[in-house]
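**Q** As a plain string of letters, each chain reads:
6 protein chains.
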Amino acid sequence: MRITRRETFNAAHRLFRPEWDDRKNLEVFGKCSNPRWHGHNYTLFVTVDGEVDPETGFVMNLKNLSRIIGTFVIEKLDHKNINLEVDFMKDRLASTENLAIGIWEQLETPIRKEGARLYCVKLVETEKNFVEHFGPNP
Amino acid sequence: MRITRRETFNAAHRLFRPEWDDRKNLEVFGKCSNPRWHGHNYTLFVTVDGEVDPETGFVMNLKNLSRIIGTFVIEKLDHKNINLEVDFMKDRLASTENLAIGIWEQLETPIRKEGARLYCVKLVETEKNFVEHFGPNP
Amino acid sequence: MRITRRETFNAAHRLFRPEWDDRKNLEVFGKCSNPRWHGHNYTLFVTVDGEVDPETGFVMNLKNLSRIIGTFVIEKLDHKNINLEVDFMKDRLASTENLAIGIWEQLETPIRKEGARLYCVKLVETEKNFVEHFGPNP
Amino acid sequence: MRITRRETFNAAHRLFRPEWDDRKNLEVFGKCSNPRWHGHNYTLFVTVDGEVDPETGFVMNLKNLSRIIGTFVIEKLDHKNINLEVDFMKDRLASTENLAIGIWEQLETPIRKEGARLYCVKLVETEKNFVEHFGPNP
Amino acid sequence: MRITRRETFNAAHRLFRPEWDDRKNLEVFGKCSNPRWHGHNYTLFVTVDGEVDPETGFVMNLKNLSRIIGTFVIEKLDHKNINLEVDFMKDRLASTENLAIGIWEQLETPIRKEGARLYCVKLVETEKNFVEHFGPNP
Amino acid sequence: MRITRRETFNAAHRLFRPEWDDRKNLEVFGKCSNPRWHGHNYTLFVTVDGEVDPETGFVMNLKNLSRIIGTFVIEKLDHKNINLEVDFMKDRLASTENLAIGIWEQLETPIRKEGARLYCVKLVETEKNFVEHFGPNP
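Protein chains in written order, with the numbering used here: chain Y, 7 to 144; chain L, 7 to 144; chain E, 7 to 144; chain U, 7 to 144; chain V, 7 to 144; chain X, 7 to 144.
Be aware that one or more of the hints could be misleading.
No distinction is drawn between identical chains; accordingly, a pair holds when it is met within one copy or between any pair of copies.
Once the Cα atoms are required to be at most 16 angstroms apart in a straight line, the calculated EDC-like pairs of lysine to aspartate or glutamate come out as [stated by the list, open to error]: (1) Lys134 x Asp59; (2) Lys37 x Asp84; (3) Lys134 x Glu13; (4) Lys119 x Glu81; (5) Lys128 x Glu138; (6) Lys128 x Asp55; (7) Lys128 x Glu114; (8) Lys82 x Glu111; (9) Lys69 x Glu33; (10) Lys30 x Glu61; (11) Lys30 x Glu114.
Calculated directly from the structure, the hints in this document are not laboratory data.
Kindly generate the complete structure, drawing on both the sequences and the hints.
**A** What follows is the structure, given as structure tokens:
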């Protein structure tokens, strides 16, 4: 059984490699490399799986899942500049893929402490694209 | 190949354990334990998988899938009180997880009789949470 | 210029007239008259209009609008039984139309005190129906 | 008869008044005043009204409407910083209201040249708020 | 007070004038002039306005509104070819505008007979465009 | 890691077997067998999976994925008659399942040439049904 919680945040970012010049960044990242930033309304779906607790009927209490996502992800990302202000994205290219990896790393331990298992981080950047991360390979 | 049918129903429910007092129910289930009920527009996605029939081009005729969902699930749940009026939820805590399990049990046999295999019951309770049930472990 | 805030709440209700018998209630209100309740995820759109304040660029600060809707509407309706627990719906048939009227009456004065003017209460009951109330005729 | 075209763009912005200090900006604009920017997926609905041309069956050819919106609005806003890079937003607080006014000014003349009349600019900033601008008062 | 009912239908159509040659049709109507047809999932919003009946709490019973839309519009359009098979679109260019006019003409009288007043026919052709028709000018 | 691109197209089709008479086609395919066609707004989700390239932060550059989908799928299907005009659907019943298989065959090689792996073709025909194809069994 899997349960999923949906949360949203708004943030600015740009895609670029500092060791590349503007032309190379533009060639690879297109408009997303704009040095003056752009931004998105991100939608985040966090899926955990586990057994249903016979006492509560829950895989995990959504209040706890929501609180964890709020503390470890939304507060750090909402209305922020992903490249400049988010500790877990430091030295990482601010692609949707890398952001999903960063969010996974933030959530895995606190969710495990609640007795559940993080299964998937789905991150929707625009209505035309999203990524799904199922964790690092063992 | 998997095909999915989407259906909707509206129902009332509450989350509580009769052997717990109100304080304990409120502590665990929050506002969802309100003794005077609340309700939702549930959205149900039923996924079956199988081979494509070369004659019809279908994994399963959606008319039949829709009829089965209507008879075994929607008619029993739509505009009903899940705790009080739904036979397959008797003695079960009316969580989204348990409701998905109950719906799975309702659908598995009639879908198998049509030559298809139930793959997933996805139940969306609000725009912020949903569950996916892939059947009991063997 | 009009600005709109979207909020959601979940509630139980039934449609019936106490002076009618069950058959008459069923005839007029159909499944919505079920004595054991059903419920919905309601989506509420509150629209105010006014001039843009040159200092803030706002018709009305959304923080204030959201706080007002939260205090006067969402807290009273969310996870509640509309027929039994909502003061401003007392002695009113719990139709979507009447609920929109009740919400209007709750919001008009506090929004006016903020210097804005309530323009429309739109209330979506299911994905197949909604109502829009533009206030009482003068 | 009114026809509406929907377009999208992504952009960064912040809400602040340069003559206010950070504390005042934070008090009025909240997280939206973050000096390092945040951003949104904006959704724009442009509505024109007019008579149906008996020859084409159109109020206005959507190809032309889409081209006008693309040239005068989307190219100037998409993947841009609204505060720093958008000519028609210069010296304007980058609120959704002011952005809708700016978009109206961009579109009104080219749409009139096509023989149609701009009726409404609706700009959705997040799933929780949008504005509608119907033009300046005469 | 306005209430709105949402219905859907799927249909094929093409945009063309028989007295124009293919080149002219292609120039004006683009890909929509394809002689071998294309199609859409149309979404129809029918809005009626009126006073709230104090007995039922309804502007109009949605069961009746839905039945009227079903009989006079959906049955005639669903899974049909708009150019070839729909009586009320005979000799009319199958644009979204003209289809909205045709739907208005179908619905106005039967809705009036129920004591309500048709206010708007909104017809969504794709996620990028829709039309709204408010009736003929008197 | 999986990334998904969403694209849309509009097309006409009908479901029928030429060797069956009209009655048999109607019995199996219902309204979808209408000889004069009907149509849909199809929504296509193409999912590829792979490792994140440490240089770009991408599983696959969405510009390339979008270009491939455009060339091999959308240009061939958009505003077309699936039964009559689409080379890769020749001699195939135009069911959603078969269309997903055809789209898979179109996309697999060009995506592989970009160093990524096609994982899923999800095709949404109406708001009530979709299919997911994960490729042929080896």
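**Q** If any of the earlier hints don't hold here, list their numbers in rising order.
**A** Of the numbered hints, 1, 4, 11 do not hold.
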